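Visitor: Sequences and hints are given; from them, build the entire structure.
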Amino acid sequence: MNANKNYITWAIRIVVALLFLLSAVAKLYPSPYFAISTFEVKQLYSLGFSEQVAPYFSRILIGIEFALGFLLLQKNYLKTIIIPATILLLVVFVGHLSYVTFLTGGNSGNCGCFGELLPMTPIEAIIKNIVAIGLLGYLYKIYENLSFSKGNFWVLTTVLLGCILGLFMLAPIQPVASKYSVSPIEPTEIDSVSIEVPTKKTVTLDSTIAAIKPTVKAKDSVTKVEEKTQNEPKKVKSGFKSYFSHIDQGKKIMCLFVPGCEHCRAAAKELTAMRLKNPSMPPLSVIFMNEEADLIPDFFKEAGATYPYKIVEIIPFWKILGMGKDTPGIKYLWNGNDIKFYYGIGDQKFNGEELTTIINQSYEELKKHNKNL
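Offset between the sequence shown (1-based) and this note's numbering: plus 27.
No lab work stands behind these hints: they were computed from the structure.
Since the model is a prediction, treat every value here as computed from it, not as a measurement.
Computed spacing ranges between beta-carbons, pair by pair:
1) Q388 with G193: 49 to 57 Å
2) K395 with F195: 48 to 56 Å
3) D321 with D374: 26 to 34 Å
4) M350 with G193: 25 to 33 Å
5) G164 with F84: 22 to 30 Å
All C-beta atoms in this analysis are idealised placements derived from N, C-alpha and C, irrespective of residue type, glycine included.
Guide: If you want it as structure tokens, here you go:
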């Protein structure tokens with residue numbers, strides 16, 4: 028092989044190897060267990076993987092990515108095993124991403140190839156993988172007559188098993204968390220937003236008026252109860268009563284936050300400002316993901332208020348938020364009915380002005396836009 032081709036082959040091997048290593052490392056960002064759990068819920072569950080299988084598959088897959096990244100930089104069985112195996116894995120990825128693109132359009136969302144570190148749409152990922160397949164195909168052609176087909180097979184098995192076992196050590200599989208796994212810390216029941224309430228003045232009634240006992244007809248009482256029922260949606264079970272006992276009674280706002288999430292903090296700060304402007308705003312409760320839970324005091328300090336909260340394990344938290352959704356999540360509930368749900372930082376992101384308008388709307392107005400009420 029001449030010098031120019033040698034430079035080209037090494038350049039291709041290094042580029043593709045770095046892509047695989049970056050992909051594997053990105054799936055462990057910002058912390059291994061959190062990142063892998065998020066990958067399982069957002070990517071594997073949607074493919075039909077069960078809670079029992081997904082933790083093993085995710086760690087094995089990331090371990091294989093690490094192994095291929097390292098093995099592309101050595102010569103043992105490079106042509107006969109490593110390059111074909113790498114191409115095969117990329118083809119599988121392209122097939123999966125093509126299916127996702129067919130279902131969603133492929134121009135939005137995060138395919139998960141680089142985790143949360145480098146969000147990439149399915150179409151972008153398909154292009155990236157096709158380019159990598161082309162480079163590896165060219166590399167295979169160059170090595171057609173070279174002796175990279177044999178070597179020490181133990182190098183391959185050692186690197187592969189070492190990478191996979193390393194993933195299991197770095198992010199050990201934890202027991203399946205309870206659906207309602209919460210923090211042992213007793214949360215506060217009343218939020219700490221300081222709102223001035225005008226004191227009631229004592230009114231002296233004329234003795235003649237005070238002596239008159241009002242009579243209320245049963246018919247009037249029934250009419251008022253019926254009017255009240257008609258002016259609000261029927262009570263339903265929201266599914267969150269195990270977290271907050273009064274969540275299905277009246278108007279409530281429930282938030283799904285991650286303590287270290289900047290967007291969650293910004294949303295909480297805006298909600299606090301809204302409550303200060305409007306004392307009649309519905310009570311607010313928070314479900315925190317059990318990731319960096321030690322930052323919760325700092326979270327409330329930045330938000331400007333302390334609210335009732337629960338802490339839920341990572342995978343149950345993502346299930347509560349919903350498939351394909353991201354934080355911050357903010358739900359407006361009325362008698363348990365899901366009136367409005369904001370999530371993520373895209374098209375469905377939190378809009379304080381819109382929420383204020385929706386809260387002020389009557390039941391009749393809401394029914395015009397929400398057929399489920």
